[in-house]
Amino acid sequence: MKRRALVGIPALALLLSACGEKNLPLDSLDPEGPIARDIDNLFTVVFIIAAVIFVLVETALVVGVLKYRRHKGEDDRPVKQSHGNTRLEIAWTVLPALLLAGIAVPTVATQFDIRAEPTGERIEINVTGHQWWWEFEFPQYGFTTANEFHMPAGKNVYLTMTSEDVIHSFWLPNLNGKRDLVPGRTSNLTLLADDPTPTGQPFFGVCAEFCGLAHADMRMRVFVDTEEDFEAWAQAQALPAVIPTDGLAAEGYGTFGRVCSACHAIAGTDYQQRLAPDLTHFGSRTTLGGATFTNDTAHLEQWLANPSDLKPMDPDRNDLESGRILGMPDFGLESAQIDELVALLQSWK
Amino acid sequence: MATVAEPVTIKSPGPPGVWGWLTTVDHKRIGILYGWSALFFFIVGGLEALLIRLQLVGPNQELLSADAYNQLFTMHGTTMVFLAVMPIAAAFANYFLPLMIGARDVAFPRLNAFSYWLFLFGGIFMYSSFFLGGAPDGGWFGYAPLSIEIPEVVRMDFWALGLLTLGVSSIGSSANFIATILTMRAPGMTLLRMPVFVWMMLVVSFLLIFSLPTVTVGLFQVLFDRNFGTLFYAADAGADPLLWQHLFWLFGHPEVYVLILPAMGIVSEVIPVFSRKPLFGYSFVVFAGVAIGFMGFGVWSHHMFTSGMGPVAESGFAVATMMIAVPTGIKIFNWLGTIWGGQLRLTTAMLFALGFIGMFTIGGLSGVLHSIVPSDSQQHDTYFVVAHFHYVLFGGSILGSLAGLYYWFPKMTGRLLNERIGKWHFWLTLIGFNLTFAPMHFLGLIGQPRRTYRYPEGVGLDFWNLAATVGAFVIAVSVLFLIYNIVVSRRNGEIAGRDPWDARTVEWLTASPPAEHNFDEIPIVTARDDLWERKYTIDDNGYPVARENPNIPALKEPDELGEIHMPSASYYPALTALGVVIAMFGLAYLPVGFAAVGVGAMVMAWGIFGWSMEPVAKDHAGHGDEEHDGD
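In the order they appear, the protein sequences are chains A and B. Taking my numbering, I'd label the letters of the first sequence as residues 1 to 349. Taking my numbering, I'd label the letters of the second sequence as residues 1001 to 1631.
Hints in this document: simulated from the structure, not taken from any laboratory. Treat the hints loosely; a few may be bogus.
[As the list claims (entries may be wrong)] Using 27 Å as the maximum straight-line C-alpha spacing, the simulated BS3-like pairs for lysine-lysine come out as follows: (1) B:Lys1423 x A:Lys67; (2) A:Lys349 x A:Lys80; (3) A:Lys80 x A:Lys67; (4) A:Lys72 x B:Lys1423.
Taking the hints into account, I'd like the entire structure generated from these sequences.
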C-alpha cells in the first residue's frame, strides 16, 4: 500500500506546481520562458515513461509477492526449478535499450538547442561569482550591480560567466537550467522570459554549487520588465551616484571613504575597488546580503553593526592585497556612523 | 531433511580476548570486526543526519551554525560511503567469500588484517578532526579550489589524508579478494558456478583497483597545493579546476557501483533461497554485473553536466548513462523472474530483499531522469539528486545489506535473528525511509539546493522538509530495533544449525559458526547451487525431489581432523597500520608534524619487518587440539 501511495505523490506534486502559484518562486516545473519550457517538456515525457515503468515493475513485484507467497500454515511444496528463459531475457535487454535510444534523440537535440548561442539583438551580462555574492556587469549600458538585476521580457539575455574564487553555479529555475562558474574559465547561459514578472514577485535564483561557508545565502532576484521599463531601469543604473553635500548622508560619505571604499565601488567617484558589491544604486535594490534579507533600515543597521550576525562569513581571512575577500568585517562602527551610512546608502537610489 | 539437525555448541573459534581479536588473521573474525565497525560508523553517520534534519525541520533554523552544518554534511557523506556502506560489504565479503567458494581463508590473511586496521584507524583519524579544530567541511567530493582555499585550517588535510589511508586499505582488500577468487576456489567451483555475490565482489574489487588510483592522484595534488604551494588547481596560474572533477568522478562513479553491486549480489543469493527456486537467468545477472562494471567507467562526467564541457561531450556521457540502465534493468527483471512461480517465504531477510527491488527501482528510474542532460541541469545539486542517491544507497545498498545480515547472521553466530523484531525493523525502515527521501524529490524539483544550511520562509519548502525530518527519526527508531535484535539474538536467539534456510550454496554446508578452518574437508563442487544439489534431485517435470541420502558430510570432532595448515595470528598488520596513521597525523600538521611522520615511519618499518620475518603458518604439531576445540 505504501508503494501505491508513492505513485500518487509525484502526480500530486506535479498538479500543485501546474497551478503556477508564485509561492514556489524556485519551482523548476514552472517554466516561464521557451528554454525552460523545452527542458520541462523533455522532463515531462521522460517522467511519464519512468512512471509507467515504475508502475509496471512495482505492480509485478507486489502481485508476485501476493500471488506466490507461502501462506501461514502452508507447507513447503515443490517448486518448479526454472533456470531462466533466454528469449524473455533477451527481450528485456533489447526493449529497454531501444526505449532509451528513443529518449536519447530528443535529449541530444534539446541539449544542442538550448546550448546554442542566441543570434540577433540581445542583452549581455557578465556574471562574476564571488564568495558569497553575484556581480552583474551590463557592458552595453556601462554599469555594474549585485545580486539583483532586471531584464526585458521576450528578448534573449546572454550571460558570460566566470568566478573570482571557487566554483559557483548560476540557477534561475524559471528560465533555464543551471550552469557552473569556474575560476579561469568562462561559461555561458541564455535567459529568455515570456512575460514581465508581477510587481513584487521577481524570479528567485540561487548559487547551486557548494561554495563554502555562506553557500546557502548566495541568492539572487531577477525582475523581468517590459522593454520600456527595462530601458528605464538600465538608464537609471548607468547614472553615477549623487554625492550628498549636506546632512546625515554627507557625514556618511566621509565614513564611506574611510572604511567602505576599500572594497566597494561607486560609479562617478574615485572609489573603484571591486572586491565587494558595487553600491552605486544600493538604495534601488530590494535585498541585501546576497539577496538573503529585505533591504530595509532595520536589516541595513544590523548589517553595518556586524555583518556576520546576519550572514555567516569569514572576514578574519580577508587579504586586501591579494584581493581575497571572505565577507565584510565588523568595523566597530558607532551607532551615529551607522545612521549616517544608512542615510547615505538609502539615498543612492 | 531440509535442515540437518545435530547437536550444536556455539563457540567463537580462535583465541579469546582483546589480544585474540587484535592479532587475528581469520577472515571470519576480520569480517565480524568490519561489521561492528561499519555499524558503529553507520550510527555516527546517522546521528549526523539527524542533526542535519533537525536543522532543516523548518525555515531559518538556528540549531547549527553554517560552519557546523558544512562539517556535518561533509562527514555524513564521507562516513556513509567510506566508513559504513563499503565496510559493510567488506564484512560480508570477508566472512563469506572464502566460505562460498569453499576455501579455508583469503589468499593473504595478514594483508586482510592490515586492510581492516588501516580502515579502522583511518576512520578514527578522520573523526579525530572534530576535536582538533573542526572536521572536513568541503563536501565529500572536495571540489577544488574550495578544498584548497584555506590551507591554514587542517580540516581538508584530514579529509584528503583519511581518504588516502582508506584507499590503501581498499586496494589491499581488493587485491586480496581477486587473488582469493581466482586462485582458491574449491575443486569443481568453476567461475560460472560461483555464487552471484562472489561474482559481484570480483567486479567490485577490479573497479576499486582501477578507479582508486585516479582519486589518489587528485588527493595528492590537493595535499601538495595545500601544504607545499604547488599550483595544480590555482586558476590564477592557469590551472583548470575541472581536472579535479574528472579525477574525482572517474573514481567516484565506479565507486557508486562499488557501493551497490555487493548488495545486488546479496539479493541475488537471498531471493532464490526464499523463493525456493534457482536464480532466474544466472548468466544474465552475472554478465549484467560485469557490464555495469565496465560501463561504470564511461559515465563519470554525468556528475559534471552543468560544468560546461560542451554539448558534444555532454551528449556522449548522457547516452552512456542511459545505456547503463539496461544491465541494471536486466537484474531487476531477473529477480522478478525468480520470484515468479516460486513459493515465497517472507522472512525478514526476504522482506529486505524485496524492499531492495522496490526501492532500488525508484532510484534507478530517477537516475535515468538525470541522464537527460537538459533536465539534469534543473535537478543537478538539488534535493532531487539527494533523493535519487539515497534511493540507490539506502533503498539499495543498506536494504540489501540488511537482507544479508538477516540471512547470514545465523551462519556467523549460530543463532537466528528474531523474526518478530525483524519485521518491525523492516516495516519501520521502509516507512521511515520513504517518508524521509520521497519528499526530497519534490523539494528538489521546487528548487531546494543541496548543501544549504538554511532556506527562506515562504518559498514552499516548509512542509516536505518537516516530513523528511519526521521520517529520519522513524529510521532512527528502526535502527534501535536492529541493534536490540542483534544484542538479544546473539545471546538468546533460536539455534540455527548448519542450514536453517534450506539454502543453495556451500557456506551452509559447514558448522554455524564455522570452525577456524571453515570446512573439515574442502567440498567438491559439482553444480552451481551445489548444496541444493546435494539435498535434492529433479524429476522429469523439473520439480525437486529430496534425496534419500543427501550428500552432507557429518561435522568432525577435533581429534578426527588431520593436519590443517592455518595462518598464525600476528600483531604486525595492526602495528603497521598504526604506523601509517601516526604518519598521517604528522602529515596533517606539517612542518612540525615531520617528527610524527618519522615516528610513524619507524613503527611502519618495524611492522613490515616483523611481518616479513615471522613464520607464515602456525606450527601445527603441538597445537592442533587447542586450535580446533571450537568445532
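Structure-based check of each hint:
no., hint, verdict
1, B:Lys1423 x A:Lys67, "holds, 20 Å"
2, A:Lys349 x A:Lys80, "violated, 82 Å"
3, A:Lys80 x A:Lys67, "holds, 15 Å"
4, A:Lys72 x B:Lys1423, "holds, 15 Å"
Checked against the numbered hints given earlier, the structure breaks only hint 2 and satisfies all the rest.
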